[in-house]
Amino acid sequence: MNKQAKLLLSGLALLGTQALIPQAQAADLLGRWDLDGDGTPESVFRESGKIQVKSAGGSLLRTYDLGNTTWELRFAANTDSRPGAELIVKAGPDLAIISMVENAVRKYPVGNKVWNVVGTAQLDNNPGEEVIALTGAEAIIVSHHLKEQVTLSDFMVGGWHYYGPFNIGGLPYGTLSFTTGNGILLYDFQTRLKRTTFTNGATATIAAAEVNGVPGNELIARDNNDLIIYTGTVAAGQFQNYTQGSGSNWATYAGFVDTNGKPGADVIINKLDRITILHPADNTQKDYPINSTEYSILSVSDQDGQPGAEITLIDKSNRTYVINDRLGTIQPL
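Each number in my numbering comes from the position in the sequence shown (counting from 1) with 42 added on.
Source of the hints: derived by calculation from the structure; they are not laboratory data.
Small disclaimer: the values here were computed from a predicted structure and weren't measured.
A virtual CB, placed ideally from N, CA and C, is assigned to each residue, including glycine.
There's no promise every hint is true.
List time: in silico DSS-like cross-link candidates among lysine-lysine, alpha-carbon distance up to 25 Å [claimed, not checked]:
#, residue 1, residue 2
1, Lys132, Lys189
2, Lys149, Lys92
3, Lys92, Lys189
4, Lys96, Lys132
5, Lys155, Lys96
6, Lys132, Lys155
7, Lys358, Lys304
8, Lys328, Lys304
9, Lys313, Lys328
10, Lys132, Lys92
11, Lys358, Lys313
12, Lys132, Lys149
Distance windows between CB atoms, simulated [as the list claims (entries may be wrong)]:
#, residue 1, residue 2, range
13, Pro349, Glu114, 47 to 53 Å
14, Asp107, Ala278, 44 to 50 Å
15, Pro135, Asn266, 35 to 41 Å
Could you build the full structure based on these sequences and the hints that come with them?
Right, here's the structure in full:
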């Protein structure tokens, strides 16, 4: 064997030996949060399949092993009454909450199904936020400070959607809003009460705003033909429908403001050849015709120093108009 061949074989042997030596894996930084309540953020890493918590100076403080499962750290939030945030982890079939203060991992079973953690919210007026997870047919609310979970599955049929928590009825905590193909479901986690209504076709929750002149937000939604306003709490409230016409021919303007100078915000609705302003406080609405099927709202703001915002719009011929809902007029500029 010549010298060059020997050198080549020696090099290959060396490479093979190095390949057998375990290589140290760099830790992945997942985020920084104050986990022990001292006001200083800790760093959270993924290392060798485990969660490691390190101090600001880099010292290892905690290691959490979630077992032989695929996991994903979703976020951190304060879920109990203790100072410091907890880590919210999607861990295989379980929703895991890691508390550095307790130095514990608590798992809430979801099941071997497609699911995700969608957020946290204050749902019962007690310290700590609840964690909300969704599957294809369920909504799961986990209360870590109560160490319990609630599963909503009835009414979750067809094309249902979760729209989030809304503060309505003057309550200091959120009410969950869901829509299905033909209905709305409201759920109060504090009282464990539900309120449902059936609607005309596809439904969407739009927002919560104070629109009736009484303290406390109302929930605003729509279906194909109606704008829907829910007033009150889940325990004591009611739905009110306001017919607007075919669903493709109208849409609510983003934002709810007082346009007539009276208590409560009003709802601005764009239609093909007009703007309709709904006044929920007195259950009336007024149409402002526009001699064009193409127009854009430029602004909604106070222009005359009097109560109520004016609406400025422009049509496809570049003609500008101002709607003064307090006076009930539409005038060209």
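Status of each hint after checking the structure:
Between Lys132 and Lys189, the direct Cα distance comes to roughly 17 Å. Compliance with the 25 Å bound is thereby established for this hinted pair. Using a Cα cut-off of 25 Å, the hinted pair Lys149 and Lys92 holds, with the two alpha carbons roughly 16 Å apart. Between Lys92 and Lys189 the CA atoms are separated by roughly 24 Å; this keeps the pair inside 25 Å, and the hint holds. Taking the CA atoms of Lys96 and Lys132, the gap is near 21 Å; set against the 25 Å cutoff, the hint holds.
The straight-line distance between the Cα atoms of Lys155 and Lys96 is roughly 33 Å, outside the 25 Å bound, and the hint therefore fails. Simply put, Lys132 and Lys155 have alpha-carbon atoms about 12 Å apart, close enough for the 25 Å limit, and the pair holds. With a CA separation close to 32 Å, the supplied pair Lys358 and Lys304 exceeds the 25 Å bound. Between Lys328 and Lys304 the CA atoms are separated by roughly 14 Å; this keeps the pair inside 25 Å, and the hint holds.
Distance restraint check for Lys313 and Lys328: the Cα-Cα separation of roughly 12 Å lies within the 25 Å cut-off, and the hinted pair is therefore satisfied. For the proposed pair Lys132 and Lys92, the alpha carbon gap of about 13 Å is at most 25 Å, so the pair holds. Pair hint Lys358 plus Lys313 holds up; C-alpha atoms about 15 Å apart against a cutoff of 25 Å. A threshold of 25 Å between alpha carbons decides the hint, and for Lys132 with Lys149 the separation of about 10 Å falls inside it, so the pair holds.
The hinted range of 47 to 53 Å is satisfied by Pro349 and Glu114, whose Cβ atoms lie roughly 51 Å apart. Here the CB-CB span from Asp107 to Ala278 is close to 48 Å, well matched to the stated 44 to 50 Å. Taken as a hint, the range 35 to 41 Å holds for the pair Pro135 and Asn266, whose Cβ atoms sit roughly 38 Å apart.
Hint compliance for this structure: hints 5 and 7 are not met, and every other hint is.
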